[in-house]
Structures are given as structure tokens and as C-alpha cells.
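> Chain by chain, the residues:
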Amino acid sequence: VTPSRVVRRVLSSAAIAGLLATAAPDSDRAEQQPAGAVCPQTAVGRQDAGFPRHLADRGTAYVNVEGHPGEKGLAASRSIVVDPPDGKIPYRRDALTRRQTNYRNRSTADPSLKCYQASVPRATYLATPLQILQSPGNFAIVYQENHAFRVFHPDTRPHFDATDWWMGDTRYRWEGDTLVADVAAITDQAWLDQAGNFHSTEFHVVERYRMTGPDVIEYEARIDDPVVYARPGRCARPCTV
Amino acid sequence: VPRALEQPAGLYPVQIIQDEKYVALLHEAMHDVRIIPTDNSPHPKNYWAWDGDSRGRWDGDTFVVDVSNFNGRTWLDMAGNFVDENEHVLERFRLLDRDTILYEATVTDPTVFVKPIEMRFTLKRVPQEQQILEYSCLEGERSLQHYTDEDGGKKRRAK
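In order, the protein sequence lines correspond to chains A and B.
As numbered in my numbering, residues 1 to 241 make up the first sequence, in order.
As numbered in my numbering, residues 1 to 159 make up the second sequence, in order.
Among the hints, erroneous ones may be present.
[Said to hold, decoys possible] So the derived list for chain A, only partly shown, Cβ under 10 Å to chain B, looks like this:
| id | residue |
| --- | --- |
| 1 | Gly-50 |
| 2 | Arg-53 |
| 3 | Thr-97 |
| 4 | Gln-117 |
| 5 | Ala-162 |
| 6 | Ala-185 |
| 7 | Met-211 |
FYI, nobody ran anything at the bench for these hints, they're computed from the structure.
Quick reminder that beta carbons are idealized off the backbone N, C-alpha and C, glycines included.
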């Protein structure tokens, strides 16, 4: 399967206000804080020789992965689609019609409004934080939003035979210092954002998690869907950014 | 708590992931997550939740968890045994052998019970090849309509 798009996000452990609402004794009002609030670094746990535990994407790509203007209370976002270079999802013509319908109906049709789990990669760039659980032989991510979690399984075994999971089935391996996760079996009810960007059951994601600093993970998702997306991959620089 | 762990064997498993600062319980049922800090931190103030707030510590080979801050809306079972927001649970997890955890819980609630309740049951390791599956029941979803009358569901309309 050829990757058709690349989404890249930076997850910073400096923005963990929401998570601290459950983890810290002195954060009675943390639930009301915006996710972008900066917490003291000392409050952040970090595993030796592992990923930081508490992370959040500080952007607002959850509104529209293709970017959106700012408005009161909402910072603008550039497109997080770094390939194709125009930042647009390369929909097939018929699929683009559905995307436009989704957009028009987004105030009622977005599955997250019904508290469905956010799916992959959407869960990663939500306004709410996530926590990485890591121990020898185990890797999982817990997302605050809708208490979704994903257990990452070694890729020595094939994907689970399912097609309708909100958080998909994840198989991973390490490539040097990068965790590479292959995600399949995601339901076609899931959206990529609040703007109605969508996919079919043929959706396939390859995620890459790599630490670029003591408190930062660079997140990259290659997303492919031969049913909905018109173009096979055209990665600007051999599928990495 | 402790209802989440009282699942029939093999029906809805739980995965434990622990590091030096947290023990996390990932329940398949309701995709319920309990993240238990083991850093001697106290319970938060003005915070109430379905799962309450858990703080753990190791007492020799026993993992002891103090659970407080419940929202008071939970039942202990399908029979309607209940607690309110004064519920307090002291859990003890101990390995009996490599595949068995003995689970003990002391449940107190001074506004509901006249004395503490002691619970005890074992948790068995599931085969390695099994994995947690996705559980899609959501908050507020009406799972009750699938229950039979004797399990607490509504009486079906006579046809």
C-alpha cells in the first residue's frame, strides 16, 4: 500500500494541564484550563530511556487538519498535512462531495459529539492530553478524551481480523529510536477532525513516534485509503518529513 | 471499583501495565482506565469520578490501593447494591502464583453501610495470545435494552 499523505504533529509534555486534573492534588480547577496552558516541567514524569509520560498536542488541528483561520477563543492552524505539499487531502471526486456534506452537517454529524472514541490519528491531536504507558514488553497510550486507550502489540503477529473499531488495531516495532506503528481495522464512521474529513474501511495508518527533545515527541502519520483518496503517495522527501 | 474487576472469567479481561511511577489497569469492559500513581501523593480535592481517585503503594509483595472521590452514582453489581459519594475502598492485589492474583477489597461507606464489607476473589491470567478488544458501549448508551427481565432489564412488551 502506498502512503498517500503525511500528517505530522509535535507532542509536547509541557502542556499537560488537562491530565493533571486527575493526577495532581492541587489542580482543582485544571479541568477548566485550556489545554495549551503551560505547566511546570517539574510536574512532568519521564521514564528513563523511554518516552515522556504526559503529552499533549498544543495546536488546534482537531478543528480541521487542512488548517483553519483563527477566531475568538481559537487559535488558527496551518494544515498539518505535509504531503501533498498543498496541505489538502487528495480526495477522489465523489469522496470530495461527501466531505463537503460532512462539513455542512458537522455541528450534528461529527461522531465525537456522540462521545465515540476519537480514532487514529485524530486522538493524537485533540485538545485533551494523553498518557503513554510503557514497561518491558508493554506499550499503550491512554487518551483523556472519552477514556480511550490503545494497546500496542508487537508486529510479530498479524492484525486482528476486525473492521469496525474506533481506535483500530495497532502493531508496532522499533526502528532505532523511532516507534513505528501500523494501524488498521478502523471504522469508516470515524472522522479525522471536526471538519468532516473522513475515510473508508480501507483506511490504513502508519504512525511514527520519535523523541526530538527531552519533552517532545514528533508524531507522523502516513495515511492511505485507496477508496477515498485519489492519489497514491507523493512524499516530498522519501516519506519522511 | 471494585465492580470493574468482578468480571466473569474470560469475559472482559483487564491488562496491567506498570512502571516505577504508575500502575495502570486497562479494562476491556467500558474501555475503563484506572491510572494509579504510586508516588505517595494524596487524593485531589473537589474531584469526583465514576472510578474515584486511586493512590497506590507497595506493602511488601502486596499492592495496596486507596480509592476515594467517588461520584456516588455507581452500583456494586447488577442487583442494585449501591454506594454513595462517601464510598471508600482499600484494595489489596497479591500474586498467589505466576498466573493468579488474589484481590481483596474493603468497602466502607458510613452513610450506607453499618460496617465495612470485605470482598475477596482471584484474577486469573488469560492466555498470552489473547488481547484486549474494543468495547463500544458508551456513557449514556442504552445497553439495558439488551438485558433480560431477570437481569434487570425492562419487561418486554407482550406480543
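> Are the hints correct? Go through all of them and say.
Hints, verified against the model:
Interface hint at Gly-50(A): satisfied, since its Cβ lies 8 Å from the closest Cβ of chain B, which is below the 10 Å cut-off. Hint status for Arg-53(A) relative to chain B: holds, with the closest Cβ pair at about 7 Å, below 10 Å. At a threshold of 10 Å, the smallest CB-CB gap from Thr-97(A) to chain B is about 29 Å, leaving the interface hint violated. For Gln-117(A), the interface hint holds, since its Cβ comes within 10 Å of a Cβ in chain B; the closest pair sits about 7 Å apart.
Residue-level restraint check for Ala-162(A) holds (minimum Cβ-Cβ distance to chain B is 8 Å; threshold 10 Å). Look at Ala-185(A): its Cβ gets to within about 9 Å of chain B, closer than 10 Å, so that hint holds up. For Met-211(A), the shortest C-beta to C-beta distance to chain B is roughly 17 Å, which exceeds 10 Å, and the interface hint is violated.
Of the numbered hints listed earlier, those contradicted by the structure are 3 and 7.
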